[in-house]
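As given, the protein sequences belong to chains C, R and V, one line each in that order.
Going from the first sequence to the numbering used here is simple: count from 1 and add 663.
Going from the second sequence to the numbering used here is simple: count from 1 and add 529.
Going from the third sequence to the numbering used here is simple: count from 1 and add 736.
Please note that the accuracy of each hint is not assured.
To spell it out: a stretch of chain V is covered by chain C in this simulated footprint if at least three of its residues, at any positions, have a beta carbon under 8 Å from a beta carbon of chain C; those stretches are [said to hold, decoys possible]:
{"#": "1", "segment": "786-794"}
{"#": "2", "segment": "917-928"}
Label pairs and their in silico Cβ distance ranges [claimed, not checked]:
{"#": "3", "chain 1": "C", "residue 1": "E835", "chain 2": "R", "residue 2": "T615", "range": "29 to 39 Å"}
{"#": "4", "chain 1": "V", "residue 1": "D907", "chain 2": "C", "residue 2": "G1092", "range": "29 to 39 Å"}
{"#": "5", "chain 1": "C", "residue 1": "K738", "chain 2": "R", "residue 2": "P545", "range": "21 to 31 Å"}
{"#": "6", "chain 1": "R", "residue 1": "K616", "chain 2": "C", "residue 2": "I848", "range": "54 to 64 Å"}
{"#": "7", "chain 1": "R", "residue 1": "T615", "chain 2": "C", "residue 2": "D709", "range": "45 to 55 Å"}
{"#": "8", "chain 1": "C", "residue 1": "K825", "chain 2": "V", "residue 2": "S936", "range": "18 to 28 Å"}
{"#": "9", "chain 1": "V", "residue 1": "D907", "chain 2": "R", "residue 2": "A546", "range": "39 to 49 Å"}
{"#": "10", "chain 1": "R", "residue 1": "L550", "chain 2": "V", "residue 2": "G885", "range": "26 to 36 Å"}
Calculated from the structure, these hints are not laboratory results.
We put the beta carbon where it would ideally sit given N, CA and C, even for glycine.
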Amino acid sequence: MNHQNHPELAEAFNKDFERTTWHDETLWFVRQKRDKAVYPIPEFQDLRTLASEIKDHTLSNLDNYLIEFEQNAIKNGVKVHWAADAAEHNQIVMDIIKSSCKVEGRNTRMVKSKSMLTEECHLNAFLQKNNIDVVDTDLGERIIQFRDEPPSHIVMPAIHLKKEDVGETFHEHLGTTKGEKDPQILTEAARQHLREKFVAADVALTGVNFAIAETGSFVVCTNEGNADLGVNLAKVHIASMGIEKMIPKLHHLSVYTRLLARSATGQPITTYTSHFTKPAEGKEMHIVIVDNGRTQQLGRADFRNSLKCIRCGACMNTCPVYRRSGGHSYDFTVPGPIGAILSPNIDLHKYSSLPFASTLCGSCSDVCPVKIDIHVQLYKWRQIVGQANELPAAKKWGMKGLAKVLSMPKVYDLGGKLARGALRVLPHGLTHNQSMNPWAKARELPDAPKQSFKEWYEENRK
Amino acid sequence: MTSREKILNSIASNKPALTTLPNVPIFEGDGSIERFKTVLEGIGGRVIEVASKADCQAAIDKYYSDLKNVASDIVKANVAVNLDTTKEILEQVDLAVIQGEIGVAENGTIWVPEINMLNRALPFITQHLVLVLDKNNIVANMQQAYNKLENVGSYGVFIAGPSKTADIEQSLVIGAHGARSMMVLIY
Amino acid sequence: MKVALFIPCYIDQFYPNVGIATLQLLEKLGVEVAFPMKQTCCGQPMANSGCEQDSKGVYAHFVDTFAEFDYIVTPSGSCTYHIKKHYDIIEQTPAVQKVRKSVYELVDFIENVLKIEEIPVDFPHKVGLHLSCHGQRGLRQANASEITGVRDGQISKLLRKLKGIELTELDRNDECCGFGGTFCVAEEAVSARMGQDRISDHLRNGTKVLTGGDVSCLMHLEGIVKRQNAPIKVMHIAEILNGNQP
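Make a model of the complete structure from these sequences and hints.
Printed below as a string of structure tokens:
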């Protein structure tokens, strides 16, 4: 993977001007809904501070909280598994299915509600190779599963698609009328299709929004009801969670449930906030606790607080770059600003362009319900990318040269004078040559004045 | 070394110095029926006030006379649902009428513990859902709700309105996988 | 009170009139201003590009140039933010600490050091204010829409009091213009698109004069205005407050 990937993918995205407009406006609409849901809550900023401090504390005592959680979950009759990485997570899921959901003469059927962790682990592909039919039941996830695409947003996985695209996909896979694009009708078709899958499922997998040390419970939030429908009909429930999902006490949910949906979609709360503590009579509940690079991030003092993320997606909706480049331009499970600070931890080389896919405007940090200083971390990752020699050569040497010039006033003064002189006499076609000067593709250069301020000052004030 | 030990050891060596856990105050707020009603109707639910719990039957007769298969331990039911009810029977339920425990005015959500559900799948698989709620159990916000909630039992859900999705172009569609409509009868 | 003027590199080279307006404005407001001739740049262009380590020499030069002053005033929220926020990687000598504390964005200096709330200038034009992110969210010079729906800030406070002025009500009050330092060339497509969208918002809502506290944003936006031949005149806030007319 070319490490200048984001600019190239973003440029390709921008080739379709109207669609870029639509994508930007759709996501901005979500940001506006978020504002309308946030402004009337007088203690919203206090809640952000609380949410941030609770998570800071939890991370500072994470091992003990995980142990407490595990002990309580076991007491509740839940089986707890630990996975150091994605491969182990997938194998554990596979083993649970093999031992608990034996079926004869057909593939085991899994229904899965939205879980970014399983996207991160590429679980679907692994299970399908092992003769397990996986059906994503979140509508957005189902759409992209049909299309064999990764999600472009962590809350709205199919936000890059227009209703016409979904209509086409459903025509192909669900037999809806060709040209049908009414979201109501398409959603109804998915409902009918997925109800069959829910009823037929042997095993249901969910993600985890919050895990509570005090009680050994975990909470899953959905709007569609697909998590509850899946797990309450299947015999086995597997919940995959990253280690960072912990919170100490049940009542801490009162902070996060007021922040999550308001930040995510502008709803006052998700339709279903489901608290799972014990399996139902005769059924099984498993929790897989996954590291996959998270403990490494915990060890990076400048970046550890990215683990506070509650996956609301608000930083994506607010990011002017994300809105105009699309989730796929990040080429990482979690796109947008938060993805740009999580991904370099996983593969600095591959994702070295992501910390630069930002103007450092800081909107992400101000919108974040748990106050992650995202734009500060983007700046810090840039330095690490620079130190690791991952910058494009032209930029690296250009910056070294510029730094030299700017620490020598005489050289700077002379250089500026020569450059301005050249800009004044060179023809517009040359100074605005689009292959040599990317600035000039859509912008004019400023007029080069005869005198710099310094020269004016010397002449008029000294 | 097991992965469990590996992860816990790695956390122990990588975690920052212990910080203090803040106290979460019980924020004040408007816990009125009016606010609860406005908010819940804003997210697609319907709120009907009845004089007493006994009047729920009349409301169900009035609003849901067209629905055939009803499961409930509050009003007259013709589908018996319990822990052992099969998926095939659950799938046929048109209306479930269930007791809700705590209503939250700020977000229109209602706490439904497992013991009220008859079967864990019922509130989700039913085509239409009615929750019955004592007006004295409406609180202002989630701090007050969790404060009132002594424990979450084996399984329990805050339900706020009907099942919904906006996954196609952000167009809101009511009735994704769960209940197509949701009504709250407040007594 | 010893006050120094810092004119950032790109203003010095490409927008000397902004520097001149800043100097004249401060003098009109009764401030005696020194201009140290050996000044160059705050070091931000390299640092934002991931070459913070290469900037250390520039930081040292900046501190050396300005350490003797009580206040360092500059017509740039972005450079001010950089010095305050990112000069933490060099040894925090008393001089470094003093410089980081003493640097002020022009309007912040006028309102909070000089305590001037109104400037007697006629400006009978419809003015659109572009909030620079570093001034707004970095230095907290204006409310952020992520936090509150109330649109207010230091620059709009002063602007609102000019005679005859009308301020544009934008659809998106504080969306970034897309300049972003080297972002403007490294991510050219997104950068240009962001700028075009800002200009559309201003055009849609009637802006005739576009202003702001950072020449970097304005240079980018002006580049788009000129390419599109849009009927908007771009002026830095210092020029408007100095009484310059479009």
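Where does the structure disagree with the numbered hints, that is, which hint numbers, in rising order? 6
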